[in-house]
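A.B. asks: What follows is the residue order along each chain.
Number of protein chains: 4
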Amino acid sequence: MSERLGFIGLGSMGRPMAANLLKAGYLLSVYNRDVKKTEPLVLAGAVRADRPRDAAKVGGIVITMVANDEALEAVTLGYDGLLASLDAGGIHLSMSTVSPSLSQKLTELHAAHHSTYISAPVFGRPEAAAASQLWIAVAGEAAAKKRVYAILEVLGQGIYDFGHEPYKANIVKISGNFLIASAMESLGEVFAIAEKNGIQRRSVIDMFSQTLFSSPIYKNYGTKIAERSFDEVGFMLKLGLKDVDLLLDQAKQSQVPVPFASHLHNRMLGEIANGNGERDWMELTRGIDRDAGLGK
Amino acid sequence: MSERLGFIGLGSMGRPMAANLLKAGYLLSVYNRDVKKTEPLVLAGAVRADRPRDAAKVGGIVITMVANDEALEAVTLGYDGLLASLDAGGIHLSMSTVSPSLSQKLTELHAAHHSTYISAPVFGRPEAAAASQLWIAVAGEAAAKKRVYAILEVLGQGIYDFGHEPYKANIVKISGNFLIASAMESLGEVFAIAEKNGIQRRSVIDMFSQTLFSSPIYKNYGTKIAERSFDEVGFMLKLGLKDVDLLLDQAKQSQVPVPFASHLHNRMLGEIANGNGERDWMELTRGIDRDAGLGK
Amino acid sequence: MSERLGFIGLGSMGRPMAANLLKAGYLLSVYNRDVKKTEPLVLAGAVRADRPRDAAKVGGIVITMVANDEALEAVTLGYDGLLASLDAGGIHLSMSTVSPSLSQKLTELHAAHHSTYISAPVFGRPEAAAASQLWIAVAGEAAAKKRVYAILEVLGQGIYDFGHEPYKANIVKISGNFLIASAMESLGEVFAIAEKNGIQRRSVIDMFSQTLFSSPIYKNYGTKIAERSFDEVGFMLKLGLKDVDLLLDQAKQSQVPVPFASHLHNRMLGEIANGNGERDWMELTRGIDRDAGLGK
Amino acid sequence: MSERLGFIGLGSMGRPMAANLLKAGYLLSVYNRDVKKTEPLVLAGAVRADRPRDAAKVGGIVITMVANDEALEAVTLGYDGLLASLDAGGIHLSMSTVSPSLSQKLTELHAAHHSTYISAPVFGRPEAAAASQLWIAVAGEAAAKKRVYAILEVLGQGIYDFGHEPYKANIVKISGNFLIASAMESLGEVFAIAEKNGIQRRSVIDMFSQTLFSSPIYKNYGTKIAERSFDEVGFMLKLGLKDVDLLLDQAKQSQVPVPFASHLHNRMLGEIANGNGERDWMELTRGIDRDAGLGK
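Top line first, the protein sequences correspond to chains G, V, F and Z.
Throughout, the working numbering is defined as the position within the first sequence, counted from one, plus 9.
Throughout, the working numbering is defined as the position within the second sequence, counted from one, plus 9.
Throughout, the working numbering is defined as the position within the third sequence, counted from one, plus 9.
Throughout, the working numbering is defined as the position within the fourth sequence, counted from one, plus 9.
Watch out, some of these pointers could steer you wrong.
[What the hints assert, rightly or not] Keeping only pairs whose Cα atoms sit at most 27 Å apart, straight-line, the calculated BS3-like set for lysine-lysine is:
#1 Lys46/F x Lys261/F
#2 Lys114/Z x Lys66/Z
#3 Lys233/G x Lys205/G
#4 Lys205/F x Lys261/Z
#5 Lys114/Z x Lys261/Z
#6 Lys114/V x Lys233/G
#7 Lys205/Z x Lys247/V
#8 Lys32/Z x Lys45/Z
#9 Lys45/V x Lys32/V
#10 Lys114/V x Lys114/G
#11 Lys233/Z x Lys247/Z
#12 Lys247/V x Lys261/F
#13 Lys247/F x Lys251/V
#14 Lys251/F x Lys114/F
#15 Lys32/V x Lys46/V
#16 Lys114/Z x Lys247/G
#17 Lys233/V x Lys261/G
#18 Lys228/V x Lys228/G
#19 Lys251/V x Lys251/F
#20 Lys233/G x Lys247/G
#21 Lys233/V x Lys205/V
#22 Lys114/G x Lys114/Z
#23 Lys66/Z x Lys155/Z
#24 Lys261/F x Lys233/Z
#25 Lys251/F x Lys261/F
#26 Lys45/V x Lys247/V
#27 Lys205/G x Lys114/V
#28 Lys205/V x Lys251/G
#29 Lys205/G x Lys251/V
#30 Lys114/G x Lys205/G
#31 Lys261/F x Lys251/G
#32 Lys247/Z x Lys114/G
#33 Lys114/F x Lys261/V
Everything labelled a hint here was simulated from the structure, so no lab data went into it.
The structure presented is a predicted model; accordingly, all values stated were derived computationally and were not measured.
So that you can see chain G by itself, here it is in the shape it has in the complex (with noise of 0.2 Å):
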């Protein structure tokens, strides 16, 4: 548990999984494009890394917990990047939601400097990775899962395995969200009939959440959208369209009709256009709520 880890990307997930994997007795060093975010580590102990590259030693664990392609694009190649530091023998551990195609272009560059590529990216909200209760799915190469794998166990309370080609664990992760999104669209036209028609929009969520749909996502999301409680913002809805539109891109290549996601692409994008963009993706219901009249 001494060993020491690269950990890159320190936003609303990255920083409460880097002080969970302090917390348990691992060496941190920490990289973040705003130095600022690392004061709080470096304090807990951490080392602060001043590139990308200086997080990542030869051999050795480097997570990544970045945004979108382009970060971790940025991270990874170039001369500041994690990838020429790595060097052979060690893990570049990607946690973030990004595309499988960039999983599969980083799998190959990553084998062509002998180090490995596993993706493990992961469900849950910023007080979810805060209490270790992310859920994990991961895909790669088998002894380097192995090797990762009580660095996963402190940070999610469920790890699921997808074999050993990383970008299928990126699907998944799009795929939960899509599930995700879907779910709320769902809800958020049921609320609306409900609500004009004189029924209570938690006594609906309240009954399907204890019944049928008894699981954290109707639960959590559901009742929140029945009261309209969207002002803690858990996860952008700029972030929902990414990920929608990289199902969108992924189902496009492997050329598969995807209604759902598409209604749910222009869904988030109409929120976008007015003004929404920054709020939680929750508040895409409340485009049904503005075609249907409501909530103004």
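Dock chains V, F and Z against the given chain G, drawing on the hints supplied.
C.D. replies: Chains V, F and Z in isolation, oriented as in the chain G frame:
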């Protein structure tokens, strides 16, 4: 418990429900259009009624569990109908999935006859009915609801009250079926992408139904859809379309655009056009496969 | 030409049509629910009928041009209705936009009364009606069609025959309105993109309506939508929804999924929910603008 | 007219266009990746260029008519590309259907080389190209547009100017293709309903294409779709998808939800998944038939 109840409609849902009431000690007068289906219940102690009106007695309680609006109108109204014989003080406990507007109409007609109409539609497939594990949404006049409560407790594992206007329970019921169909479509889209990318459909639902979507619908329907295990017909696709169309009607009256519901209408209609109307409604996902060139 | 015709329904379309028949030398008995609208025609030589049945005479021809199915049933059936007085040898020339199923029902009822029902719905806005420039789809029994042909020639610039079953002309009519609404939606989407990219909406329609889409609908509707010139109400949005819903009903009966029609239903319903039901149906494109954050 | 032009891209569109320029008296240097396609033009007097850059000469005009963004980048950029040899004062007259964003990029790159990029995408199938009956949308710097005007007049029957920013002409082009695809889908839905109700598909388009929709697209495409006369491949479905996807990209950048375009994406993708990507794009209507259980 030795009260005599009427029970009308002995299809795949009504039969086990009536049997459970007998087991619980109720006396039953049972009516079914096809008289043969009354036989097992008569053997178990029920009395056969020759007409719907014979199942109801003055001031008594009569339960209806029939296929659709037409059937409910047929057994309720007209010379042979239960409305005529129920009379003052009687209760019509209507558990079928019917339109909110028919509920409103029957509420008024019963009131004019000094009897009371209660809506108590149920969630659950025939196995759940047999196991007294239905979920029940109930709405109607308070005193009448109180009087039928013990009956509902025999039939279900949970009862949710939506106030004193019966049609509201019907809106909740068709909303629930719409939520199920939406979950099926979104899972079907995800499975098609997974399959085309070499990811086991089953492994995807295993993860999601243990984590974000750990609810009966995702687990049961999701697993069957993943495995294309459609042989057992729990609920016919053409009845699924009926329910989505009830939601669309209500949405239209309420001026709520519901694009997911519209899509599901087209999806189901397409399967019916392709000859699958009497197969299980999970087969709506066959349309996704067909569009993707899968599953032939 | 001195034949006396009945004419029922003097709305924005019926009034100029009746006036043109008077000008052409026909004698007219006119009926309208709101009696005031008969006045200009009475001044022009028509006789006022107090009841629908008074507009029809034994063996004669009566034209109906009313708002919807309910209105057509009201003026046709019942004690006051035209069916009773038309009698053997009479022709009901039904020019309203009504459902194919009502056409089928009235075809049968007239046959039972030894009169003949002809469907001849029209395309064109009130200006076209005034200018005898309507396009007419006609269907019905051959001899009766022959007898009304001269009348149709007075009213329209082109007559298209769809055989001997009246309801087929109604299907063609609602299909046409659906095609118009589809063109409006697709133009609205194009204009929104153009506007956001600094391209004049008007310049786009100028090109297309002179080239690929050099037709009346693209030119007239397209130009008005480009300019958001919606003040004149030629056809109310709520009637547009009625017609799209007639198409959806027919598509359902025929087992044809029609996703564009479903979308238009939701688009129009959304505008009605936002208070625009009595504005011109071109305003369905406002929903596109609203989703794009435009046109406020 | 004895000016020497470069002409790059001799596919089904480029070949007749180049031939028409030769006939009009222009001298041509022609380049095509597959050199065999240059032969008929060389026989007709053109000079063969071995590389794209050889088709362009300093200060001259070079026309490109290639399949997609990748091809246009390939012939423009890099060591062999036309950009290098066109040089100061030269004009790149880009007539392909490419993305607005590539147009913006090439506009800037040409400006940096003191040459000028003009977008002039065309509407029309190969027959129209052969007959000099194309419709052309042009945009770019004024003096350069003036210099190429005579060329455009040789190729087309109508030229529409969209200002000085080249990418705007590309937006108009992809908008036009989207309008065509929308018209095809809406006609396909109408024809399916007609067919199921015993109405001749052909009689429906005959009426509409002579009346409300008396334009080339409705007449030509409409008639072929009515008759399912798809054997001649004028424009491949996979290219149709490419263009709808360019529109979707632009709509996303512009924050405009475009549900019809999203639907067409899924419709075309479904046909490609079913093996029809290289057939004519009118076959997108096969998906409608398949959903309706028709046309097997």
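A.B. asks: Now tell me if each hint is right for this structure.
C.D. replies: Now for the hints, and whether the structure bears them out:
| no. | hint | result |
| --- | --- | --- |
| 1 | Lys46/F x Lys261/F | 38 Å, violated |
| 2 | Lys114/Z x Lys66/Z | 21 Å, holds |
| 3 | Lys233/G x Lys205/G | 18 Å, holds |
| 4 | Lys205/F x Lys261/Z | 11 Å, holds |
| 5 | Lys114/Z x Lys261/Z | 18 Å, holds |
| 6 | Lys114/V x Lys233/G | 34 Å, violated |
| 7 | Lys205/Z x Lys247/V | 19 Å, holds |
| 8 | Lys32/Z x Lys45/Z | 20 Å, holds |
| 9 | Lys45/V x Lys32/V | 20 Å, holds |
| 10 | Lys114/V x Lys114/G | 63 Å, violated |
| 11 | Lys233/Z x Lys247/Z | 19 Å, holds |
| 12 | Lys247/V x Lys261/F | 12 Å, holds |
| 13 | Lys247/F x Lys251/V | 25 Å, holds |
| 14 | Lys251/F x Lys114/F | 19 Å, holds |
| 15 | Lys32/V x Lys46/V | 18 Å, holds |
| 16 | Lys114/Z x Lys247/G | 25 Å, holds |
| 17 | Lys233/V x Lys261/G | 26 Å, holds |
| 18 | Lys228/V x Lys228/G | 16 Å, holds |
| 19 | Lys251/V x Lys251/F | 21 Å, holds |
| 20 | Lys233/G x Lys247/G | 19 Å, holds |
| 21 | Lys233/V x Lys205/V | 18 Å, holds |
| 22 | Lys114/G x Lys114/Z | 25 Å, holds |
| 23 | Lys66/Z x Lys155/Z | 19 Å, holds |
| 24 | Lys261/F x Lys233/Z | 26 Å, holds |
| 25 | Lys251/F x Lys261/F | 15 Å, holds |
| 26 | Lys45/V x Lys247/V | 24 Å, holds |
| 27 | Lys205/G x Lys114/V | 19 Å, holds |
| 28 | Lys205/V x Lys251/G | 22 Å, holds |
| 29 | Lys205/G x Lys251/V | 22 Å, holds |
| 30 | Lys114/G x Lys205/G | 50 Å, violated |
| 31 | Lys261/F x Lys251/G | 36 Å, violated |
| 32 | Lys247/Z x Lys114/G | 26 Å, holds |
| 33 | Lys114/F x Lys261/V | 25 Å, holds |
Checked against the numbered hints above, the structure breaks hints 1, 6, 10, 30, 31 and satisfies the rest.
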